[in-house]
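These protein sequences, in sequence, are chains A and B. Here the first sequence stands for residues 3 to 454, where the numbers follow the numbering used here. Here the second sequence stands for residues 25 to 478, where the numbers follow the numbering used here.
Just so you know, the hints here were simulated from the structure itself, not pulled from any lab data. It is possible that part of the hints are untrue.
[Unchecked claim] Cut-off 25 Å, straight-line C-alpha distance, at most; resulting in silico cross-link-like pairs (PhoX-like, lysine-lysine): (1) A/LYS404 / A/LYS424; (2) A/LYS169 / A/LYS417; (3) A/LYS298 / B/LYS277; (4) B/LYS294 / A/LYS432; (5) B/LYS199 / A/LYS308; (6) B/LYS199 / A/LYS417; (7) B/LYS242 / B/LYS414; (8) A/LYS337 / B/LYS294; (9) B/LYS91 / A/LYS329; (10) B/LYS277 / A/LYS340; (11) A/LYS298 / A/LYS241; (12) A/LYS167 / A/LYS372; (13) A/LYS227 / A/LYS291; (14) B/LYS277 / A/LYS308; (15) A/LYS185 / A/LYS337; (16) B/LYS277 / A/LYS337; (17) A/LYS242 / A/LYS227; (18) A/LYS205 / A/LYS298; (19) B/LYS248 / B/LYS91; (20) A/LYS291 / B/LYS277; (21) B/LYS248 / B/LYS438; (22) B/LYS277 / A/LYS432; (23) B/LYS438 / B/LYS229; (24) A/LYS227 / A/LYS205; (25) A/LYS291 / A/LYS344; (26) B/LYS199 / A/LYS344; (27) B/LYS400 / A/LYS329; (28) B/LYS414 / A/LYS424; (29) B/LYS223 / A/LYS329; (30) A/LYS209 / A/LYS185; (31) B/LYS212 / B/LYS91; (32) A/LYS169 / A/LYS408; (33) B/LYS277 / B/LYS248; (34) A/LYS329 / B/LYS242; (35) B/LYS199 / B/LYS229.
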Amino acid sequence: MGKLGEAGLAATAGPARTLGMEGECRASQARSWGLPAGGAGGDSPGGDAPLPGSISSSSLLQAEVLDLDEDEDDLEVFSKDASLMDMNSFSPLMPTSPLSMINQVKFEDEPDLKDLFITVDEPESHVTTIETFITYRIITKTSRGEFDSSEFEVRRRYQDFLWLKEKLEEAHPTLIIPPLPEKFIVKGMVERFNDDFIETRRKALHKFLNRIADHPTLTFNEDFKIFLTAQASEFSSHKKQGPGLLSRMGQSVRAVALSMRGVKSRPEEFMEMNNFIEIFSQKINLIDKISQRIYKEEREYLDEMKEYGPIHILWSASEEDLADTLKSVASCIDKCCKATEKRMSGFSEALLPVVHEYALYSEMLMAVMKRRDQIQAELDSKVEALTSKKADTDLLTEEIGKLEDKVECANNALKADWERWKQNMQNDIKSAFTNMAEENILYYEQFSIRSP
Amino acid sequence: MEQAAPDPERLWQPAPLEPLSHPDAGLESMVGEETKGARDEGPGDGTMTENNFSLKKIEISVSEAEKRTGRNAMNMQETYTAYLIETRSVEHNDGQSVLTDSLWRRYSEFELLRNYLLVYYPHIVVPPLPEKRAEFVWHKLSADNMDPDFVERRRIGLENFLLRVASHPILCRDKIFYLFLTQEGNWKETVNETGFQLKADSRLKALNATFRVKNPDKRFIELKHYSDELQSVISHLLRVRARVADRLYGVYKVHGNYGRVFSEWSAIEKEMGDGLQSAGHHMDVYASSIDDILEDEEHYADQLKEYLFYAEALRAVCRKHELMQYDLEMAAQDLASKKQQCEELATGTVRTFSLKGMTTKLFGQETPEQREARIKMLEEQIKEGEQQLKSKNLEGREFVRNAWADIERFKEQKNHDLKEALISYAVMQISMCKKVGFGFSEGTSIFRSAGKFL
């Protein structure tokens, strides 16, 4: 899962809130670097009141004359210039690039970095006059300061998860948000609340929240925190805030219009990314279908095998000399059935959910690419307007400046998150398939031990 | 169809065989079962020369199958398959085999041979033919009689049939069988000339006997029961096996799809690429391994099928017994009633109602001379009837004895064959699993080692 996330709390550049240990570390270092030159004021707050301040060269000179009090409110993000370069000089924990950082990651959990533990369980059915729905209990344990307490228990329904996902997408359009399990499965569903379906969904929701918790950026999202902690009434009133339905619709219409124009020039790396995503999406969806089909076929095979063994017992009843041989063939088949069942459950626990999650992820990736393209398209349209209109040059230039920033941030966010995601994907897929292969080996090894 | 007083002795004696006086008369196949113990080989053997001729070993094989077209009885064009039967005699001393006969036969001729054997050796459990049409088919196998796999399996089945007949201590000496192997043209006519079709018992008669017989030998009742059970359990087994094979085929083949997708995916991956490639390759190997596995299984199924059809042969022997027993009971009953009639006429008392009695009452008695004549006739009939009953009884007992001897032989054969088949089936399953397990472990290690980047 998100083994990468723990170590990379502050990995992402750009519009990311980086609080916690890393921030403290940096801030104190910054202070010690910046201040000796000027000896600002007498109040050097030592090391116990860490205030991350902006480290851009211009403001460093100002640090001498700034009141330290004002710094307290300055929880600004690092500007893009300083973000990667300067951090390297003082923080030993900061790698040179997200890629090299990835290479440093070990595959064990680093327990002291994980400070948010979430479980999803206890599905419960609620019946009202209008509808019937299922809620899931969510328990959160945390040691983070910004949480009011260390343990929380709330109940949420699927709709609430949807809401959370939408808020995350809004706030971080070019980050790869984990996928939610589908609303409903069309094929082979008798009713919405069949036990297997609920269990599968519960597991997927559990995965969903934990992936968010492991994500270096998303884990600090405010809506996420409220989702985990707010009680029923507080939560529903919070949900009602934010842009209304109509404005959201307007936004998406505009987005669609922009994307229709097409992207003029997608940067090279994003072209590559797009290619990968297209092919990956195709392949993973195929694998998903194949895996589901294999499961179905194996299930039917097992059903037939279960009938096969007992016939031999039946036969042994009318034979004398052959009775023993027949009985042992029957027990052979029986063992075969049991081993197959075990192997199948391994398959459905380990492989199917992983493959399916990544099939859903591939849809996410397409959406992320689209959003990135949209942001770029916005910039492109303004630039075009500038070159053609020539009026309101100043306004346009300012807008363009902002949009350029926006595009840059979006791109960087996506790039970093992309590497992280790919890494996770490779690990997950590899371990899922090797688990399945190992299960198979165990299954077949059982046969070499036995003899007829 | 009513037969005009069939000679009861004729019913179950083999056709009078010309003494096979040439040296290679004795047919003993290479499969060669020892004829253990003193076994009565039926009255027909009296005409055989027994211990004087040298027994040479004979090898029989159905070596080829060929598609042919010809015209059938209704002068319509038809396609059929012909099978090449080769007979070799093995020189006792140097072990070399020499091709002595080779001819082509089609399935219908095999059927003719078997029907002939059924009529002339009703006390023998006659080996069955492979199925006429493909049954217990699962989706990969076709039900088409022209399908090459089906033809191949049938070829093996026909060879098996011939070997079983040739290794049967009694059947192997039959002349028609010998001619089947050696005389291509005119064989059909020869068989038909024996008139065996006329001697066959009508199905209706047999059914009637089955229902009405009062006192059949208990062992035959049990045997019939057993053969019913055997047939039902083997059919059930074969049906489920076919479904299991179908499902297994599906599982393996769907895994094959992984192979293609993995290969295509590996093209866009850097670190994981090699792992995916080899995983894909192993999936392909896995998927194609099912073809061999299932071919071996079909062979197993054919072995079971043979005994499925043998059950029918067992039932045929039981039916014959019932028919004979019923015949005997009817004859005894007829005799008893004749005796009673005679007695009544002699003493003049009418103990039972009879039409004759009534008419005499109504229309006056017959003359003493007429009565005498009648009594005389009846007495003759009774004498004849007693003799017939005696010989029927004798025949019946002989039949039971001979049939039971063959049934014991059959039981031993069945237990031996089925035990071997079941064990080799289990061994086959295990070795299949071993192979797959090996394949998976290879695949896993490559998958795991590729793309390790720590």
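Status of the hints after comparison with the structure:
For the proposed pair A/LYS404 and A/LYS424, the alpha carbon gap of about 30 Å is over 25 Å, so the pair is violated. Restraint check for A/LYS169 and A/LYS417: satisfied, since their Cα atoms lie roughly 21 Å apart, inside the 25 Å limit. Restraint check for A/LYS298 and B/LYS277: the C-alpha separation of about 13 Å stays at or below 25 Å, so the hint holds. This hinted pair checks out: B/LYS294 and A/LYS432 have alpha carbons roughly 14 Å apart, not beyond 25 Å.
Simply put, B/LYS199 and A/LYS308 have alpha-carbon atoms about 50 Å apart, too far for the 25 Å limit, and the pair is violated. Between B/LYS199 and A/LYS417, the direct Cα distance comes to roughly 90 Å. Violation of the 25 Å bound is thereby established for this hinted pair. The straight-line distance between the Cα atoms of B/LYS242 and B/LYS414 is roughly 21 Å, inside the 25 Å bound, and the hint therefore holds. The straight-line distance between the Cα atoms of A/LYS337 and B/LYS294 is roughly 41 Å, outside the 25 Å bound, and the hint therefore fails.
For the hint linking B/LYS91 to A/LYS329, the alpha-carbon distance of about 43 Å lies beyond 25 Å, and the restraint is violated. This hinted pair checks out: B/LYS277 and A/LYS340 have alpha carbons roughly 22 Å apart, not beyond 25 Å. Restraint check for A/LYS298 and A/LYS241: the C-alpha separation of about 40 Å exceeds 25 Å, so the hint is violated. Proposed proximity of A/LYS167 and A/LYS372 is supported: the alpha carbons are some 17 Å apart, at most 25 Å.
Using a Cα cut-off of 25 Å, the hinted pair A/LYS227 and A/LYS291 is violated, with the two alpha carbons roughly 35 Å apart. A C-alpha spacing of about 22 Å is found between B/LYS277 and A/LYS308, which places the hinted pair at or below 25 Å, so the restraint holds. Between the alpha carbons of A/LYS185 and A/LYS337 the distance comes to roughly 39 Å, so the proposed pair goes past 25 Å and is violated. Distance restraint check for B/LYS277 and A/LYS337: the Cα-Cα separation of roughly 24 Å lies within the 25 Å cut-off, and the hinted pair is therefore satisfied.
Note on A/LYS242 and A/LYS227: the hinted pairing holds, with a Cα-Cα distance of about 16 Å set against a maximum of 25 Å. Between A/LYS205 and A/LYS298 the CA atoms are separated by roughly 20 Å; this keeps the pair inside 25 Å, and the hint holds. A hinted pair counts as satisfied when its Cα atoms are at most 25 Å apart, and B/LYS248 with B/LYS91 does not qualify at roughly 39 Å. Note on A/LYS291 and B/LYS277: the hinted pairing holds, with a Cα-Cα distance of about 14 Å set against a maximum of 25 Å.
In summary, the hint linking B/LYS248 to B/LYS438 is supported, as the alpha carbons are separated by about 16 Å, within the 25 Å threshold. Between the alpha carbons of B/LYS277 and A/LYS432 the distance comes to roughly 22 Å, so the proposed pair stays at or under 25 Å and holds. Proximity of B/LYS438 to B/LYS229 is assessed by CA-CA distance (about 30 Å); at most 25 Å being required, the pair is judged violated. The straight-line distance between the Cα atoms of A/LYS227 and A/LYS205 is roughly 20 Å, inside the 25 Å bound, and the hint therefore holds.
Among the hinted pairs, A/LYS291 with A/LYS344 is consistent with the structure: their alpha-carbon atoms are about 22 Å apart, no more than 25 Å. Distance hint between B/LYS199 and A/LYS344 is unfulfilled; the C-alpha atoms sit about 60 Å from each other, more than 25 Å. Our distance criterion of 25 Å between C-alpha atoms is broken by B/LYS400 and A/LYS329, whose separation comes to about 67 Å. Of the pairs offered as hints, the one joining B/LYS414 and A/LYS424 is violated, with about 97 Å between alpha carbons and a cut-off of 25 Å exceeded.
Our distance criterion of 25 Å between C-alpha atoms is broken by B/LYS223 and A/LYS329, whose separation comes to about 44 Å. Taking the CA atoms of A/LYS209 and A/LYS185, the gap is near 16 Å; set against the 25 Å cutoff, the hint holds. With a C-alpha separation of about 21 Å, the suggested pair B/LYS212 and B/LYS91 falls inside the 25 Å cut-off, and the hint holds. Distance check on the hinted pair: A/LYS169 and A/LYS408 sit about 19 Å apart at the alpha-carbon level, within 25 Å; holds.
At most 25 Å may separate the alpha-carbon atoms for a hinted pair to count; B/LYS277 and B/LYS248 exceed this at roughly 43 Å. Annotation: proposed proximity of A/LYS329 to B/LYS242 is violated, straight-line Cα distance about 29 Å (limit 25 Å). For the suggested pair B/LYS199 and B/LYS229, the alpha carbons sit about 29 Å apart, so the restraint of at most 25 Å is broken.
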